[in-house]
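J.: Take the given structure of chain A and dock chain B to it, following the hints.
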Amino acid sequence: MTTYREAIREAIRVAMTDDARVFLMGEDVGHYGGCYAVTKGLLDEFGEQRIRDTPLSESGFVGAGIGASIAGMRPIVEIMTVNFSMLALDQIVNNAATLRHMSGGQIGVPLVIRMATGAGKQLAAQHSHSLENWYASIPGIKVLAPATVTDARYMLAEALKDPDPVIIFEHVMLYNQEQELEPRQDDYNAFKASVARPGTDVTIITYGAGLSKALQVADQVSDKGMSVEVIDLRCLRPLDSEAIFSSVKKTGKVVIVDEAWLTGSLASEISAQISEHCLWSLDAPIQRVCTQEVPIPYPAHLEKAAIPQIENILQAVNFVSGTSP
Amino acid sequence: MKLHISREHLTNLLSEMIRIRRFEERCAQLYTEEKIRGFLHLYIGEEAIAVGVMQALEKEDTVFATYREHGHALAKGLDMNEVMAEMYGKLSGSSKGRGGSMHIFDYEKKFYGGNAIVGGALPMAVGVAMADKLMNRSHVTVCFFGEGAVAEGEFHESLNLAKLWDLPVLFVCENNGYAMGTALKYSESQQNIAAKAESYGLITRSVDGMNVVEVETAAIDAVKGIRNGSGPQLLECHTYRLRGHSMFDTQQYRSQDEVNQWLDKGPIAQMKSWLLANVYLNETEIQQIEDRIDDEVNAAIEFAEKSDFELVEHLTRHVYAEPLNMD
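If you read the protein sequences in the order shown, they are chains A and B. Letter 261 of the first sequence, counting from 1, is numbered 261 in the working numbering, and no numbers are missing. Letter 25 of the second sequence, counting from 1, is numbered 25 in the working numbering, and no numbers are missing.
Extracted from the complex, chain A is given alone in its bound form (with noise of 0.2 Å):
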């Protein structure tokens, strides 16, 4: 068994022992060991050059990787939380994504960014927000969330190998999530959605943390004779709509877990979506299982009311199947 950290971890040792262009830099990532503790130990086995901890200064040192990048190093960037990498937003949307599209093609930025989000360790309301489907949205970056300890092993590589900017979300509840790790597939591809588990009745959309949930629910209407087809992203952009498509085609049953806020929610995206192509196949309307509209609160039973959970999304598997719960 492993766990998401050690994958990362892993994932990140591995880059940089098979390519000499690979560095990590960011915030407490060498002497404290990460944030999160995925670096730990690895400044001991690659030196301050490579494991560079930088300033708090989020947009110079996500600036510098841009530059880095592009002249010829294959820097990985890590900020701390989805909350501070707000600080470095001029450079991630105003260079990293248009820097190809203004040069007319010249200049590509093959940057790769971590960053951990989401809720649940009551850290308030600067700390455990969502916003991924923020950079979804932009023309020019490419955007993975790991939900599995294996997408956290082999995704990273996929990201160092593209031309282009592509940002890592880590759910902050899944670093202790322990699984095991399967082999690389010789198609592995991280920039397609994947079928976690076949249904037939019922179709849940989900990336990052709400795979577990959305697995939990289909393994306990099972029980009820209901076939839950659990589809778990893995790529926010650009967005595998074939895959959500040939599954909502089947069921006809939406129901899509997203902890980003409901209002211009990734799942609103993905409903707009089904919406516009497959709305002959529907028979029941497109649930969406997102945060309430409020900041993330501190005490843990309103935070815990705030994001998805199983009951809401279990809820609304029952409301699209009309089965009384």
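Treat the hints as calculated values from the structure; they're not laboratory data. A couple of the hints might just be wrong.
[To be verified] Only pairs whose alpha carbons sit at most 25 Å apart, straight line, appear in this in silico SDA-like list of lysine to any residue:
no.	chain 1	residue 1	chain 2	residue 2
1	B	90	A	72
2	A	224	A	318
3	B	90	A	43
4	B	35	B	298
5	B	163	A	72
6	B	109	B	136
7	B	59	A	106
8	B	163	A	33
9	B	133	A	45
10	B	133	A	43
11	B	224	A	72
12	B	163	A	27
13	A	192	B	321
14	B	306	A	106
15	B	133	A	163
16	A	192	A	2
17	A	161	B	59
18	A	161	B	136
19	B	109	A	164
20	A	161	B	320
21	B	90	A	139
22	B	196	A	87
23	B	59	A	13
24	B	133	A	13
25	A	304	A	139
T.: Leaving out everything else, chain B in the frame of chain A:
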């Protein structure tokens, strides 16, 4: 520092500045004819800085500039035809027309924009310098920005990072006194920009940005020091924008008297009179230079006029890397 003040070299400096001046004047004209649209920020009055600094650089040195970058692009050796075609938004432009006046790029020539977010290029310059250092290349990265950028956090973050990691960057502050229409005294508690850089431990120089030889000398000194491992340096060039911020600027924030006072101090006027007074060049020779440059600019305009616009069908290109076999 020994300068090669040969007649040939001085003539070259003057020609380079006139090339930029003439290019900009024609751009202004083309703007009124609606051939060029969007924002157009002219470098008129500031030519000595790009020309002077570029003398210190090798081909492999990277340059980042601002949205007032036509002059830097030309001085870095970009093809004038392609720069003009970019103004027109044509496919033959240096950024295939996608960038326009504010986003001129040439990857081969190591000219990385054309950046229109004030202060936004400084962190990237730090990153290029970081890569050069990690890869044991002896290149220097130069980042041009205006004095308005020193109020941005990215200025402070970048200077700190560059010094902390001892990177080969030359920060060039083109201090023209106004951030758009806001004079420095209305925006900075500490108006001494070199002092800010010194507080981060950078070696700094402040020069008359209207004097191309002075800029060149300081830049050569700075770049030599950086290549020898001095770490980052900052060069502040005092200058003046002889035209408005952009073509939309009605210049309410400064008087015509003030502008007029600077006209005689302009880098080209200054150098011309010096060269004439010291008999390096005569009026006829200067006229010949100007005629040759007029021909070059005319040819660039013709090139831009005759070039094609990109097909609308190609709208969504250049967002992500494309397979090499795409047309």
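J.: Could you grab the alpha-carbon distance between residue 163 (chain B) and residue 27 (chain A) and see if it respects the 25 Å cut-off?
T.: Holds - the C-alpha atoms of residue 27 (chain A) and residue 163 (chain B) are around 17 Å apart, at most 25 Å.
J.: Please work out if residue 224 (chain A) and residue 318 (chain A) have their alpha carbons no farther apart than 25 Å.
T.: Holds, at roughly 11 Å.
J.: Does residue 320 (chain B) lie within 25 Å of residue 161 (chain A) when you go C-alpha to C-alpha?
T.: 13 Å, holds
J.: Is it true that the CA of residue 90 (chain B) sits at most 25 Å from the CA of residue 43 (chain A)?
T.: Cα-Cα ~49 Å, so violated.
J.: Straight-line Cα separation of residue 306 (chain B) and residue 106 (chain A) no greater than 25 Å?
T.: 23 Å, holds
J.: Is residue 35 (chain B) within 25 Å of residue 298 (chain B), Cα to Cα?
T.: Holds - the C-alpha atoms of residue 298 (chain B) and residue 35 (chain B) are around 14 Å apart, at most 25 Å.
J.: Between the alpha carbons of residue 133 (chain B) and residue 45 (chain A), is the straight-line distance 25 Å or under?
T.: 21 Å, holds
J.: Please verify whether residue 304 (chain A) and residue 139 (chain A) have alpha carbons no more than 25 Å apart.
T.: Not OK: residue 304 (chain A) and residue 139 (chain A) at ~33 Å, beyond 25 Å, violated.
J.: Is the straight-line distance between the alpha-carbon of residue 192 (chain A) and that of residue 2 (chain A) 25 Å or less?
T.: OK: residue 192 (chain A) and residue 2 (chain A) at ~23 Å, within 25 Å.
J.: Holds or violated: are the alpha carbons of residue 196 (chain B) and residue 87 (chain A) at most 25 Å from each other?
T.: With a Cα-Cα distance of about 22 Å, the restraint between residue 196 (chain B) and residue 87 (chain A) holds, given a limit of 25 Å.
J.: What's the verdict on residue 133 (chain B) and residue 13 (chain A), does the C-alpha distance respect the 25 Å limit or exceed it?
T.: Roughly 22 Å separates the two Cα atoms, so the pair holds.
J.: Keeping to a limit of 25 Å between CA atoms, is the pair of residue 163 (chain B) and residue 72 (chain A) held or broken?
T.: 22 Å, holds
The earlier numbered hints that this structure contradicts are 1, 3, 17, 23 and 25.
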